[in-house]
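S.K.: Same order as they appear, the protein sequences are chains A and B.
Under the numbering used here, the residue at position 62 of the first sequence is numbered 62, and the numbers go up by one with no gaps.
Under the numbering used here, the residue at position 41 of the second sequence is numbered 41, and the numbers go up by one with no gaps.
For the record, the hints were derived by calculation from the structure and aren't laboratory data.
Glycine included, every Cβ here is placed at the ideal spot set by N, Cα and C.
Chain B side only, calculated, beta carbon under 8 Å to chain A, not exhaustive:
id, residue
1, L77
2, V85
3, T238
4, V248
5, T251
6, V274
7, R278
8, I584
9, P585
10, R586
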Amino acid sequence: MVDHSVDTSETATKDAGYWSTNIRIIGICLAIWAIVSFGFGIILRPLLSGISVGGADLGFWFAQQGSILVFLALIFFYAWRMNRLDKQYGVDEE
Amino acid sequence: MDQFTLNLLFVGASFALYIGIAIWARAGSTSEFYAAGRGVHPVTNGMATAADWMSAASFISMAGLIAFTGYDNSSFLMGWTGGYVLLALLLAPYLRKFGKFTVSEFIGDRFYSKTARMVAVICLLVASITYVIGQMQGVGIAFGRFLEIDAFWGLLIGACVVFAYAVFGGMKGVTYTQVAQYCVLITAYTIPAVFISLQLTGNPIPALGLFGDHQGSGEPLLAKLNQIVTDLGFAEYTAAHGSTINMVLFTLSLMIGTAGLPHVIMRFFTVPKVSDARWSAGWSLVFIALLYLTAPAVGAMARLNISELMWPNGTDAPAVSVEQIETDPEYAWMATWQKTGLLGWEDKNGDGMIQYYNDANPDLQAKAEANGWAGNELTNFNRDILVLANPEIASLPGWVIGLVAAGGLAAALSTAAGLLLAISSAVSHDLLKGQLTPNMSEKSELMAARISMAAAIVVAVLLGLNPPGFAAQTVALAFGLAAASIFPALMMGIFSTRINNVGAVAGMLAGLVVTLVYIFLHKGWFFIPDTNMFTDADPLLGPIKSTSFGAIGAAVNFAVAYVVSGMTKETPQHIKDLVESVRIPRGAGAAVEGH
Numbered sequence: 001m002v003d004h005s006v007d008t009s010e011t012a013t014k015d016a017g018y019w020s021t022n023i024r025i026i027g028i029c030l031a032i033w034a035i036v037s038f039g040f041g042i043i044l045r046p047l048l049s050g051i052s053v054g055g056a057d058l059g060f061w062f063a064q065q066g067s068i069l070v071f072l073a074l075i076f077f078y079a080w081r082m083n084r085l086d087k088q089y090g091v092d093e094e
Numbered sequence: 001m002d003q004f005t006l007n008l009l010f011v012g013a014s015f016a017l018y019i020g021i022a023i024w025a026r027a028g029s030t031s032e033f034y035a036a037g038r039g040v041h042p043v044t045n046g047m048a049t050a051a052d053w054m055s056a057a058s059f060i061s062m063a064g065l066i067a068f069t070g071y072d073n074s075s076f077l078m079g080w081t082g083g084y085v086l087l088a089l090l091l092a093p094y095l096r097k098f099g100k101f102t103v104s105e106f107i108g109d110r111f112y113s114k115t116a117r118m119v120a121v122i123c124l125l126v127a128s129i130t131y132v133i134g135q136m137q138g139v140g141i142a143f144g145r146f147l148e149i150d151a152f153w154g155l156l157i158g159a160c161v162v163f164a165y166a167v168f169g170g171m172k173g174v175t176y177t178q179v180a181q182y183c184v185l186i187t188a189y190t191i192p193a194v195f196i197s198l199q200l201t202g203n204p205i206p207a208l209g210l211f212g213d214h215q216g217s218g219e220p221l222l223a224k225l226n227q228i229v230t231d232l233g234f235a236e237y238t239a240a241h242g243s244t245i246n247m248v249l250f251t252l253s254l255m256i257g258t259a260g261l262p263h264v265i266m267r268f269f270t271v272p273k274v275s276d277a278r279w280s281a282g283w284s285l286v287f288i289a290l291l292y293l294t295a296p297a298v299g300a301m302a303r304l305n306i307s308e309l310m311w312p313n314g315t316d317a318p319a320v321s322v323e324q325i326e327t328d329p330e331y332a333w334m335a336t337w338q339k340t341g342l343l344g345w346e347d348k349n350g351d352g353m354i355q356y357y358n359d360a361n362p363d364l365q366a367k368a369e370a371n372g373w374a375g376n377e378l379t380n381f382n383r384d385i386l387v388l389a390n391p392e393i394a395s396l397p398g399w400v401i402g403l404v405a406a407g408g409l410a411a412a413l414s415t416a417a418g419l420l421l422a423i424s425s426a427v428s429h430d431l432l433k434g435q436l437t438p439n440m441s442e443k444s445e446l447m448a449a450r451i452s453m454a455a456a457i458v459v460a461v462l463l464g465l466n467p468p469g470f471a472a473q474t475v476a477l478a479f480g481l482a483a484a485s486i487f488p489a490l491m492m493g494i495f496s497t498r499i500n501n502v503g504a505v506a507g508m509l510a511g512l513v514v515t516l517v518y519i520f521l522h523k524g525w526f527f528i529p530d531t532n533m534f535t536d537a538d539p540l541l542g543p544i545k546s547t548s549f550g551a552i553g554a555a556v557n558f559a560v561a562y563v564v565s566g567m568t569k570e571t572p573q574h575i576k577d578l579v580e581s582v583r584i585p586r587g588a589g590a591a592v593e594g595h
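Only chain B is shown next, with the shape it has when bound in the complex (with noise of 0.2 Å):
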């Protein structure tokens, strides 16, 4: 069987699989759509968070970033976790215990006003529809890889799959359908990574092999990783190389957008009870930590087995030459992803070899120029194609690299999934029954719901076919609107009664207008290409990238809130009452409509 056939085979059965979870749930009522009637175990629940959480930059992106970094993109790893110990202690328990469907109703109740509502609603619908826009994207490309089709087709496909089982299913079939998800794309992350930690240390357990021993020198892997890289003139492994202030910045701008992001909020909607939030939130670390804790082990020793297919015979003897590249099977997914355009070398001093090393670094003119280097021969290597070319570049079999395009497209699928029936929730229940027409029947709610969720498809794909930058970019608005204008407002929520409807209003919008202008500023306005007045390698403040500004548009939030409450009329009694309600776990009902 070719490796097409087999990719087709386990992209195929596992669609099979969450289409027809989709069509056993199916959504009765308008509570079994948003919420699952609240009958979900906090594991079943942890675990479809965990899906429904980690998307195709979880899955695809981040181990590359890491593997060609090293130390400076810890930040995704902390980031990324991190924010649930927020979401448990600050906010889990009181969302469940208030017991409505969506985050804007809280922040409509809560601060007594239909404009703070409003307002969350738009911060909401823009962080969702970029973060989803992303996701799309990233469907594209996966399904065009892996069924050899054009990117374009991929991702009408992709769209149809979303479209089935998030519109037919809602909630209840999201939740079941993200735990196979969830089962698949952590099988597809860890084999390779298992059978790799193997062949490189010995070690079965990736997180712990990244801390063993290298089998063939018996250095410990790092130091060993760290030798190979610097003599290749790359700067070191394990050291720190960016500014410190912005690395605490970004790890702390995706923390609090994590805790701010409307899909994964909703997710502590749907268990029975206030305690079982508590739990769901560790649950769900537990299984996003199964593959952030192989995540770097995996970047670790791609970058080792990289340089290595490189420089077989060592750094000090000659590379590998075209020859072998095009000619021996252990550099066939060379030629494999050339096609794809996104990885490439070029013999550039005609010697028949390939040098792979950093001609940007002075220190290695003089080996260079000695050895007749003419530049750095494998001229590009996209960051993203790393997990998805791992199993090819370890000799793995050609099921592992069916599985591993399996879990690549659930990763991005599920995430895409949770994010739209956000979408719809805010367009449904926030913006039509709890604005436009209050009197609207469940039936016609729940068709809105739909409606809504496939025109946000339509859009999703509209900017997926041209998207406004690259998927980073994107991703980076969507964390930083979340943690600027959504979390700081939920906090203050539930942790003061001095903050009133004004002071809440204010301060959404002080966060989420600084954080956009900041973006804009260095990104180009509404992402427009040449508009940016800054660039990232030279950003406005100081060392502050756009990506980290989203810190500081929370403390911006945080303040601005503060000041004007503070300024404005108190907050009423009934108000008062609700917020102390909300701090005491019992009498937790099942959620109530919005009215």
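Next comes chain A alone, as it looks inside the complex (with noise of 0.2 Å):
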């Protein structure tokens, strides 16, 4: 019973760094995903209006296509990222 219960705590310890590691990446992600969509998409547009993209500027371009390219690569960042970190902690499925 006194094995198991430290076995458990440990298994907490690692759980723990394993979440914490994972929100750290989430909170990076999801920083990026709003500048590039509310940010240089809308709201810091102004900003950039100096950069011209074929015809019009920078904030324009990422309104209608930059934002979803971003998008894409977040969330395949985020999928290689997860499963190397699951096998780190020792958390993956296999």
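Combine both chains into one complex, guided by the hints.
M.R.: Structure follows, in structure tokens:
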């Protein structure tokens, strides 16, 4: 019984490390998610108006295409990073 | 072969394909019916999710909305794709690990409350049914136009087809059918866009052509478009005109709504592993992005084509003549669409020409007076016809027009089928098996699922005949509800152990009610005309339109859930353990039956 409780607390510490790393990765990804769409695409667009992209400005490009491409990159990055993290903490499904 | 036969051929062949797949992949067991036995590869699942997600609104309506508004409608592009980031990071892997069949099952178990499960079922049913009504409306109109029959019969035929493959196929049938539908709809969307991009910019990739140079003038395409629309007195295409706050909230509502729609979330229960759920969201967005990157190009290029057709020799030369519209084959599409009542023109000043300009713009008054114009003479151009009419506007061959017809129907039908599946599982699995008759056999549960699907189709057809409002209003309600009720409950269930049963129920109800009330205040109580107290032109809360309120509803949900949970009894230990286990991928088995 005593041995088991030691095991559980070790697992708990390990799981906490896994979860806090995950939260940090999610936080970074969502910050980028918000910056490209709400930031570059909408709120910060006037600041980017000097950079022109094919007849429009960078903010217009982010609003119509750029943010979609960044969203794609974010999801694939997250999947790749988390699958690595799973293995690192030994919580993957294999 | 005439256009009618060609349309019939394309639509008929695509339907034969869908029904064939549904019969081939008939579901045997409950778990196959809901989740295809979890044997679906992430790429396949992604493609099916893309077809499921992209409805008549994405295929038929979105490019037209962008074409006539320009930058301000970028919200649709960012909102309907950005939601997948939320799904992939915040929900999909954990819900897959949880390993049950439905969204409300998760909410019921996590918040250890049958009331929570019931509230979730109600939110889900209302959101799905309102969404499916919009789809059936689209199905009816598309069938009516292309088969040249009354919209009523179009709706009935569409309902029968949806019924056939959703009821007899279940999820597995739907998954493979939706893969086929995705292929049809993306081909149908891309081919005309490639042709038009080549004509206008010489670039075969429409997404690049949008930022390329216009072949005729050598100027950038968007600069050319800006110049021509401002010459005609319309708002500059690439500039921002609406409220920034409203645009942010509208985009956010669409994003959260995407991540809260049950038929999309359900998709992530059907992949074999947690890691696959993460990839699957990415693959879905790849297939969605293929259309969403093309859509703004379709919109801008169509706007340019239309403006140039109306002013064939430039905006300073005389406009197109009535005679040319009636005789020139390049303008034949105008007569075709005039018959539908969705396009109209009138030679108000009797000069034999049709002047298309913005007569509400005071800057153009002097020019109009000097030239003897008596107002805009292209009196009606329904935005929803743009994508369907686009191949005709660009004088593309007849088979492309037939293909677009099949694509539009694929988009509407696939979404309708996915929604019906979400509705039937909510009724048979959550309502009947989970609450009312827990001892139900697997066979009778499957039967109940099919009966509830049939019932949902009947309801959707009835409401589709006499819709509560325009499709956009119905869709706004569906998104607002999903954003304000389902998403926050799911997210808090995974990321916070502090939220308890009372908090979750209070949060969902608060989000739901506040959003419903705000929508009803602007769109009429229960959508009854003339019962609204405010309009979206002059909303209750500053610039915030009723379509943008879902994000605020979600914030209310979060806040209420936190406050109420803080004041009530702490979450029991076994629930905290459940949350901990959901967060770790290891040990994700096949889904188990709810009790």
